[in-house]
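Asks: Here is what each chain is made of, one letter per residue.
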Amino acid sequence: MGEIRERGIMQVKFSYLERQFVEVDKYLKGIEALVRTTDFTLGGPLLEFERRFAALCRMPHAIGVASGTDALILSLKVLGIGPGDEVITTPMTFIATVGAIVMTGATPVFVDSDDGFVIDPTKIEAAVTPRTKAIIPVHYTGNVADMPAIMDIVRRHQLLVVEDACQSISASRDGKPVGSWGETACFSLHPLKNLNVWGDGGVIVTRSDDLADQLRRYRNHGLINRDEVQTFGCNSRLDTLQAVIGNLLIEEVEFITSQRIANARKFDEAFADMGEFIRIPERHPNVMHVYHLYLIRVSRRDELLAYLHRNGVEAKVHYPIPVHLQEAARCLKYKAGDFPISEADCKAIITLPAHQHLTPAEIDYTIDQVRSFYLK
Amino acid sequence: MKTSRPTIPYVNLAGQHASIKAELLEAIEQVLDHSKFILGPEVEEFEQRFAQVCQVDHAIAVNSGTDALVLALRALGIGPGDEVITVSNSFIASTSCIILAGARPVFVDVGEDYNLAPAQLEQAITVRTRAILPVHLTGHPADMEPIMAIARRHGLHVIEDCAQAVLAGYRGQRVGSIGTVGCFSLHPLKTLNACGDGGVLTTNDPVLSESFKVLRNIGLRSRDDCVVWSGNSRLDTLQAAILLVKLRYLEDRTEKRRAHARFYIQALADVGGVQTPREHPFEKAVYHTFVILAERRDVLKQHLAAQGIETAIHYPVPIHLHTAAAHLGYGRGSLPETERQAERILSLPVYPDLEPSDLEWIVENIRSFYHARGDG
Chain A
1 MGEIRERGIM
11 QVKFSYLERQ
21 FVEVDKYLKG
31 IEALVRTTDF
41 TLGGPLLEFE
51 RRFAALCRMP
61 HAIGVASGTD
71 ALILSLKVLG
81 IGPGDEVITT
91 PMTFIATVGA
101 IVMTGATPVF
111 VDSDDGFVID
121 PTKIEAAVTP
131 RTKAIIPVHY
141 TGNVADMPAI
151 MDIVRRHQLL
161 VVEDACQSIS
171 ASRDGKPVGS
181 WGETACFSLH
191 PLKNLNVWGD
201 GGVIVTRSDD
211 LADQLRRYRN
221 HGLINRDEVQ
231 TFGCNSRLDT
241 LQAVIGNLLI
251 EEVEFITSQR
261 IANARKFDEA
271 FADMGEFIRI
281 PERHPNVMHV
291 YHLYLIRVSR
301 RDELLAYLHR
311 NGVEAKVHYP
321 IPVHLQEAAR
331 CLKYKAGDFP
341 ISEADCKAII
351 TLPAHQHLTP
361 AEIDYTIDQV
371 RSFYLK
Chain B
1 MKTSRPTIPY
11 VNLAGQHASI
21 KAELLEAIEQ
31 VLDHSKFILG
41 PEVEEFEQRF
51 AQVCQVDHAI
61 AVNSGTDALV
71 LALRALGIGP
81 GDEVITVSNS
91 FIASTSCIIL
101 AGARPVFVDV
111 GEDYNLAPAQ
121 LEQAITVRTR
131 AILPVHLTGH
141 PADMEPIMAI
151 ARRHGLHVIE
161 DCAQAVLAGY
171 RGQRVGSIGT
181 VGCFSLHPLK
191 TLNACGDGGV
201 LTTNDPVLSE
211 SFKVLRNIGL
221 RSRDDCVVWS
231 GNSRLDTLQA
241 AILLVKLRYL
251 EDRTEKRRAH
261 ARFYIQALAD
271 VGGVQTPREH
281 PFEKAVYHTF
291 VILAERRDVL
301 KQHLAAQGIE
311 TAIHYPVPIH
321 LHTAAAHLGY
331 GRGSLPETER
341 QAERILSLPV
351 YPDLEPSDLE
361 WIVENIRSFY
371 HARGDG
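Residue numbers (the numbering used here), protein chains in the order written: chain A, 1 to 376; chain B, 1 to 376.
What the hints contain is simulated information worked out from the structure, not anything from laboratory work.
Every residue gets a Cβ at the ideal spot worked out from N, C-alpha and C, and that includes glycine.
Any given hint could turn out to be false.
Beta-carbon label-pair distances, calculated as ranges [to be verified]:
(1) A:Arg-226 <-> B:Pro-6: 20 to 28 Å
(2) B:Glu-45 <-> A:Glu-32: 20 to 28 Å
(3) B:Glu-45 <-> A:Gln-11: 53 to 61 Å
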């Protein structure tokens, strides 16, 4: 696929979606076949997608739900977390992690992030109280939180773990895949994710047969059959239509992952000599980071962002405001200065386009633009 | 032998979709072209069209009818400690939404129209009552005038469960425009159906409308500004595009349902074992289901099944008798009319694509069932 120019300037898009449709016919055929069977709710293609997703995560159960956010809410619900309970997570995340905790009636408790934009395990224990029930480590950007250290703390305090793996499909640490530590792990299939569908979607994986059964019931109104409800549930089913798309795209996860890793390496190498302006997080050889987001810390971030936009590179910031300083968080009574690493990072981070459909010329152009901003 | 007739399924989604397949695929391709899969232009267009259809100022599309109900309750600030009055003869979601919001459902009995009996309403109101949640079951409007009068007298909100009743009317108003909020479902089996889960909220209150938009989108007012904690409940752009196609046919298909219903009502008028629904001149029912009260219902159902006629029961177990509702303290006998109806109700096929000969065949078999037993 060729590069796009507007008024002579190369356009490097953040979203890869336009390039997902080179072979649009096979997707449309899949949709057409589904429309013919009208198997729209918890249909055959969804069950197939769940089997394949479980295999990809090397876990026994995968349950398709309406979104990554719902994956977190449903996980907490079936683990019995609710009013009066505290759940520990980090302010360096998309707001949905915290929204999910509040939706169950529990209270979010924040712990600062570390160099890799994931929860700092050395600071977790100070946040544990008698009311703490669970930890949600977020495998932010496609990195993997320090799960061995977190699991030590979890065992000492008898806590539950729900992994927020929304951005980190196929990532692993010491050869262990994300999703294999927690009671459950939650994935998002939102259109910008490494593995996407064409709308909202999410998946929960778990090792537990019992939790899998509970989740399957809870996502479907608590129904045990058409006419019987044992406990009240909600409606959060991954559309079978979206599973049709998921089944076609899941075959590409290996390509998507390796391409994003290769793109990230090129960026890392190209910026290695720019320590004065750019701080690349430490890369750990035992972690397979899948670079849903390629984040670096830069000086004069807002100027660089504007410069890149002027020059056609659609860089972004994930996210400029840490969750504890959002308006919605006022009720939690945190203030500026509580989480210095997350707060400093939110002012310094920039996300460069690193998706699997970028051409070598687009990567080189992006690198040139970043370098020329600082070095010209 | 009459058994050579083809079977008549209870629903025939494939028939509906076969006739509009080309239009559907074209609409889907248009979404692919812009790739705005989340809250894309088709969502807004659908919301505007849906608001027109319901003769209401605002329509906000969400992920399911259940979510519409939950968001309505949450936007109105209804939660723990509050009571919401509703009926027990509905799909489980009209009660589970109250539980999901943290409030307590209070059941009242129903009348001959299968809907909330206004005469029973006032005695169920306590100091904790915050809202009334009438269900327009079967597509027949609940008796809204006395319900609204009681609500006004006691300062209560009215949340209309319109899941089965798009286009239904009551004294010149469309359902969904009468109470504080209307909640619609777009489930594949509904009269206006997506190819997956979907729902809509309607209201004339601009403040509530804004609140619904924020609540369905994780509490975000803009990309980086989270003003309230919430979950994720957006209607997929892809489903909105599909629904815009279906909307072209909604009025026509609804009129066909109404014609089928008129046929049944006339043709079954003199059958002693059967009571057909009654439509007052000030009401417009849309017959999402065509429900009769039948003597020896289960035997009749078997008799029809033996003739290849599929029927359904909406719903065989009233919500207050489900295991999940045990903690609410309603035993058998607490809602006598609801329970009496649950043993007699039978839903006959009423989808638009039925042929006159199908309807005649169904009627003939109902007549022969009762005449053969001498109670015709």
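Asks: Indicate, hint by hint, whether the structure satisfies it.
Replies: How the hints compare with the structure:
| no. | hint | in the structure |
| --- | --- | --- |
| 1 | A:Arg-226 <-> B:Pro-6: 20 to 28 Å | holds (25 Å) |
| 2 | B:Glu-45 <-> A:Glu-32: 20 to 28 Å | holds (23 Å) |
| 3 | B:Glu-45 <-> A:Gln-11: 53 to 61 Å | violated (27 Å) |
Hint 3 alone, counting from the list given before, is not met by this structure.
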